[in-house]
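A.B. asks: Residue 114 in the working numbering sits at position 115 of the first sequence; the count goes up by one each step and never skips.
These are computed hints drawn from the structure, not numbers from a lab.
Since we're looking at a predicted model, the values are computed, not measured.
Take the hints with a grain of salt, since some may be wrong.
Stated by the list, open to error - When the alpha-carbon atoms are kept at most 27 Å apart in a straight line, the in silico DSSO-like pairs for lysine-lysine are as follows: (1) K486 / K511; (2) K15 / K236; (3) K222 / K186; (4) K409 / K378; (5) K547 / K486; (6) K222 / K175; (7) K360 / K222; (8) K236 / K222; (9) K186 / K175; (10) K409 / K547.
Unchecked claim - The following label-pair restraints were derived from C-beta to C-beta distances: (11) E155 / E355: 49 to 59 Å; (12) A412 / D478: 17 to 27 Å; (13) Q530 / E446: 53 to 63 Å; (14) I111 / D76: 44 to 54 Å; (15) E144 / G65: 48 to 58 Å; (16) E355 / S3: 48 to 58 Å; (17) E155 / Y20: 33 to 43 Å; (18) I150 / L8: 51 to 61 Å; (19) D315 / S362: 18 to 28 Å.
All C-beta atoms, glycine included, are put in the ideal place defined by N, C-alpha and C.
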Amino acid sequence: MTNSALSELIYSDITKTPADYEAMYPARELPEGAKVTRLGPSPTGFIHLGNLYGAFVDERLAHQSGGVFYLRIEDTDDKRFVENAVETIISSLAFFGINFDEGVTENGDIGIYGDYTQSHRGEIYRCFAKKLLAEGKAYPCFLTEDEITEIRAKQEELKIAPGIYAGWSKYRDWDKDEAIAAEVEAKIKAGEPFVIRLKSQGTPNASGDDIRRNTVIDSVRGKLEVPENFQDIVIIKTTGIPTYHFAHAVDDHLMRTTHVVRGEEWLPSLPIHVELFNYLGFELPTYCHTAVLMKIGEDGNKRKLSKRKDPELSLDYYRSQGYHPAAVREYLLTILNSNYEEWRMENPDASIDEFEFTTEKMSSSGALFDLDKLNDVSKNTMLRIPAKDIAEFLRSWSAEFAPEYEYVFKDMALLEQILDLGRHDARPRADLVYARQIMDFISYFFEESFRIEDEYPAEAAADVKAILEGYMATYDHNDDNGTWFDKIRALAVELGYAAKPKDFKKNPDEYKGHVGHVSTVIRISLMGRAQSPDVWTIQQIMGEEMVKSRIERCM
RNA sequence: GGCGCAUUGGUCAAGAGGUCAAGACGCAGCCCUCUCACGGCUGAAUCUCGGGUUCGAUUCCCGAAUGCGCUACCA
0 MTNSALSELI
10 YSDITKTPAD
20 YEAMYPAREL
30 PEGAKVTRLG
40 PSPTGFIHLG
50 NLYGAFVDER
60 LAHQSGGVFY
70 LRIEDTDDKR
80 FVENAVETII
90 SSLAFFGINF
100 DEGVTENGDI
110 GIYGDYTQSH
120 RGEIYRCFAK
130 KLLAEGKAYP
140 CFLTEDEITE
150 IRAKQEELKI
160 APGIYAGWSK
170 YRDWDKDEAI
180 AAEVEAKIKA
190 GEPFVIRLKS
200 QGTPNASGDD
210 IRRNTVIDSV
220 RGKLEVPENF
230 QDIVIIKTTG
240 IPTYHFAHAV
250 DDHLMRTTHV
260 VRGEEWLPSL
270 PIHVELFNYL
280 GFELPTYCHT
290 AVLMKIGEDG
300 NKRKLSKRKD
310 PELSLDYYRS
320 QGYHPAAVRE
330 YLLTILNSNY
340 EEWRMENPDA
350 SIDEFEFTTE
360 KMSSSGALFD
370 LDKLNDVSKN
380 TMLRIPAKDI
390 AEFLRSWSAE
400 FAPEYEYVFK
410 DMALLEQILD
420 LGRHDARPRA
430 DLVYARQIMD
440 FISYFFEESF
450 RIEDEYPAEA
460 AADVKAILEG
470 YMATYDHNDD
480 NGTWFDKIRA
490 LAVELGYAAK
500 PKDFKKNPDE
510 YKGHVGHVST
520 VIRISLMGRA
530 QSPDVWTIQQ
540 IMGEEMVKSR
550 IERCM
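Please work from the sequences and hints to get the whole structure.
C.D. replies: Structure (structure tokens):
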């Protein structure tokens, strides 16, 4: 039996040839330098910050170069499928501003390079597997799980590399032994299960200078000396479904991907991919192996690493806390490109599209996720978003994650005023970080959530009634900020408090306290807390009626 | 165990064979100030370790340590 006969025996149903697919999926006509990238999530629906991080690289690379960014569903692992995962993936990413030009969408595929779901592409993979079989670059392997375990045990004993490679599967060299050839043929005809393995040309267990290496340029890491592969890895599983490695080679070639962005956990399998592309006669894409994002424990600053299933790292966590997508994007960019932050300081109002993102500026060591930094970036980002937009954002956030705040959105014009408080001053306030925090920050504006949280300052506790009565006696809602405060100062002096904090500090024995203490009494009566933005401005937003009723309530 | 990748303050990081080793977040103090925030100033804090190359290494080389990853018919 020849290789070709074997390939026919196994894949008699495959009538197309690789050339047919090459013709079906011609090279893309794109401007010079345009990059084609893809995101290939498995459909578990679980997206974390790390996925977003990688997706950003893909998205920026493609859209900055006038290229194409497409979504391919990598569902070759049948055990992992979760219902509605695709919708979740698309909507989560869209929420953070990641949009695809091509590939899988909620309403079917877009683009001529499909199908974009790997489980629908079986025929294509088998066609290329058939080609490798016919060329003697792959072989059917009937080793059972038990046999493989046995082989592994033996290899461990010998202290050599585990796995199936030259010398370990008798099916590898079936064509050199008539008995095995006959066995293979009989097994296939009998319908026994088997996998297709790559027949690697590498030298097993070479060491030192004997290891042949290929030079691959990684866009993030620079020059990589990739050792040659010698493992006969599985390319088609018993189920007829390809492994990631094989699907990657076939898909990224046929879909004409130019840049493969993936986490550094793929680095060890790069040798396999180099050999596969080589065998298949495909041009190697440009790889961008990104560093993995790690996490810092919220309790203290213990260094806690984290991969998947960490709720802290889940995208939904940030959505439910109410971080604005622009803030998360901004944060990700600052850790993605070391020169971004600097650029942002120089171009505070520029669109992120104007920033030239490069893979060379990416760090090759993993960054720890830093919540403090996110919060800082967020409050500055919020400053650039109009109050009207923030109000809308909060409303949709509340509808999805925190319906208990419904009352906040009864009067959107009022909410806008509240959110804009102090944001247009010469030195604008940066109080707004994320939705949950904002809800607390503005809670005193609403009767539903107003409550007295802080105690009156000790210096003025005895005079609360006098202060509030004095305040009401001269209160005029039409006073301007200056007049209003002059009255408080006068009241303070009248009651035996220093007009300025400095006076009190100099002669603490001459006064009960200072204006600050007096105004804190007013502040607490109105806002329930000792710290807040400017009282006069808040009063203007609250309106005369609410001001008076709150003060009187405390008298 | 083997292999791969990584290693500049607490965190993110710039950086070049000779620098007082940028900057940001966080922290501390001071200033501004009716509180807070904003802003300003100041400060504490870093080149993982050991060899080598060199007149000189944080920077180049080699080891080690540490961390992470891979070592599947998972991706």
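A.B. asks: Would you mind marking each hint as holding or not holding in the structure?
C.D. replies: These are the hints, each one checked on the structure:
1. K486 / K511: With a Cα-Cα distance of about 18 Å, the restraint between K486 and K511 holds, given a limit of 27 Å.
2. K15 / K236: 21 Å, holds
3. K222 / K186: 45 Å, violated
4. K409 / K378: 25 Å, holds
5. K547 / K486: Roughly 16 Å separates the two Cα atoms, so the pair holds.
6. K222 / K175: 40 Å, violated
7. K360 / K222: Holds, at about 15 Å.
8. K236 / K222: 33 Å, violated
9. K186 / K175: The hint holds at about 17 Å.
10. K409 / K547: 22 Å, holds
11. E155 / E355: 49 to 59 Å: Since E155 and E355 have Cβ atoms about 50 Å apart, the given range 49 to 59 Å holds.
12. A412 / D478: 17 to 27 Å: 23 Å, holds
13. Q530 / E446: 53 to 63 Å: About 20 Å separates the Cβ atoms of Q530 and E446, which means 53 to 63 Å is violated.
14. I111 / D76: 44 to 54 Å: Roughly 27 Å apart at Cβ, these two residues miss the hinted range, so it is violated.
15. E144 / G65: 48 to 58 Å: 49 Å, holds
16. E355 / S3: 48 to 58 Å: 51 Å, holds
17. E155 / Y20: 33 to 43 Å: The hint (33 to 43 Å, Cβ to Cβ) holds, given that E155 and Y20 are roughly 41 Å apart.
18. I150 / L8: 51 to 61 Å: 26 Å, violated
19. D315 / S362: 18 to 28 Å: 26 Å, holds
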